[in-house]
Amino acid sequence: MTTTAPVTVKRLPESCDHASRRFFLREIKEFVDTSHRARLIVDLSAVEQISSQSIDLLLECVGHVESGDGEVSVAGASPQTAVILELTQAASVLNMFPSVLEATNEYQLNDFDSRKQGYPRHRAA
Amino acid sequence: MEMGALIVTAGDDVSNAAQGLSSYAPSWPVLGKSVLERWMEMVRGLGVGRVSVVDRDPQEPNRVHTMFEWAKEGVEHILLIVLGSYAEIDLLDLVRFHSEGQRQVTRVFDQQGPLGISLLDRNCILTNRERAGQDGDLPSSRYDFLGYVVRLSSTVNYRRLVEDALQGRCGIQPKGFQIRERVWIDETAHVNAAAQIHAPCYIGPATKIKAGVAIRGCSSVEHDCEIDLGTTLDHTSVLPNTYVAPGLYFRESVVDGTRLEHLARGVAVDLGAAGLSARIGTPARRIPRSLKLARNSELPAPDAKAG
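Line by line, the protein sequences give chains A and B. Residues in the first sequence are numbered from 1 upward in steps of one, following our numbering. Residues in the second sequence are numbered from 1 upward in steps of one, following our numbering.
Worth double-checking, as some hints may not be accurate.
[Stated by the list, open to error] A few chain A residues facing chain B, derived, Cβ under 8 angstroms:
1) 34
2) 35
3) 45
4) 46
5) 47
6) 49
7) 52
8) 82
9) 84
10) 86
11) 93
12) 95
It is worth saying that the hints were derived from the structure and are not from the lab. We put the CB at the ideal spot given by N, CA and C, even for glycine.
Whole structure, please, built from the sequences with the hints as guidance.
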């Protein structure tokens with residue numbers, strides 16, 4: 001029997017003050033600690049143009065999630081945000097999807113392929 | 001036979017920028033000189049005695065007024081260039097063609113249509129004062145130009161012109177010193193020895209290129225810019241007085257102060273809010289390195305040019 005890795009969708013905090021950052025990162029850490037190969041989808045559809053503080057936060061997320069052998073995707077980035085992610089090279093450590101739906105579909109497809117090929121991508125229960 | 005040349009510019013009309021479209025402005029330098037300056041050089045090369053630059057603004061009667069005054073003063077031919085393209089026209093051949101023709105006006109066309117360049121006779125201006133200033137209003141001969149031309153209507157075309165010049169596909173010679181095959185670096189630029197400079201490229205006066213910067217893919221950095229540590233420019237032009245923050249990766253873009261136009265994605269972004277680029281001032285005075293050394297032999301050794 002195989003299980004799918006947990007997927008969660010989060011939005012970046014609207015404010016990037018110290019308290020909001022700490023709260024957001026604590027949630028991510030809890031998610032990573034209680035999951036195996038956690039998959040985090042960061043929904044950027046409400047962000048017109050990402051700030052440098054938000055990029056730092058996003059990269060901290062990547063650090064936490066990758067330490068648990070997981071992966072981070074961003075979904076719904078505006079064209080402006082996509083440019084900023086490319087400029088800052090954050091895009092090189094993120095999977096990018098046009099929407100949350102496409103990101104989750106991609107994960108489901110990958111899981112299906114893994115099972116079909118007989119080598120489960122994720123830990124067997 | 002006296003000749004005058006009137007160059008009509010659109011000023012720095014960046015109205016498109018507000019709509020998020022191309023922000024191209026005629027004042028943007030192309031490897032050290034603006035297209036206007038390059039046109040003026042071409043016109044002066046023809047031996048034209050009078051050259052005047054006026055704004056396209058229809059509220060300003062400068063264009064017609066200047067042509068009429070010149071005609072009254074006995075200028076036989078007036079070359080009217082409405083600045084919308086860079087075209088390597090053999091102006092001498094144009095004058096010869098016009099002289100051999102029957103019409104009082106000759107207009108230059110390429111395969112896409114009129115280029116906004118006309119040669120008018122004095123009599124035509126004196127008898128058609130108002131219509132003479134409107135390109136295309138008078139019966140004219142057609143001069144078909146098949147050489148190099150780029151219409152400067154967008155940032156994409158601006159980059160095309162920069163790349164063509166750096167690749168030697170057109171006659172534009174970058175201003176500055178060619179330190180090796182297709183690499184031009186102005187003598188007042190400072191390029192850190194640990195920067196990677198890949199041909200072809202252009203680095204303009206008083207620009208600082210810091211350690212770890214990589215410049216490649218026909219990129220250009222115009223005067224008074226600073227490219228900070230480790231940033232990569234790939235098929236990118238940086239316009240004058242622009243600071244670019246460290247560790248960034250630019251491709252297929254034009255950066256002007258805080259504004260970036262990403263040509264591959266077709267989007268304009270304000271980098272100022274994120275602190276990724278900034279407009280910086282012009283140094284009070286630029287002295288060519290050779291002059292500096294002549295004036296003060298104890299100046300510290302200049303940064304090595306990257307090889």
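Results for each hint:
| no. | hint | in the structure |
| --- | --- | --- |
| 1 | 34 | violated, 33 angstroms |
| 2 | 35 | violated, 31 angstroms |
| 3 | 45 | violated, 16 angstroms |
| 4 | 46 | violated, 17 angstroms |
| 5 | 47 | violated, 12 angstroms |
| 6 | 49 | holds, 7 angstroms |
| 7 | 52 | holds, 4 angstroms |
| 8 | 82 | holds, 7 angstroms |
| 9 | 84 | holds, 6 angstroms |
| 10 | 86 | holds, 7 angstroms |
| 11 | 93 | violated, 13 angstroms |
| 12 | 95 | violated, 18 angstroms |
In this structure, the earlier hints numbered 1, 2, 3, 4, 5, 11, 12 are contradicted, and the remaining ones agree with it.
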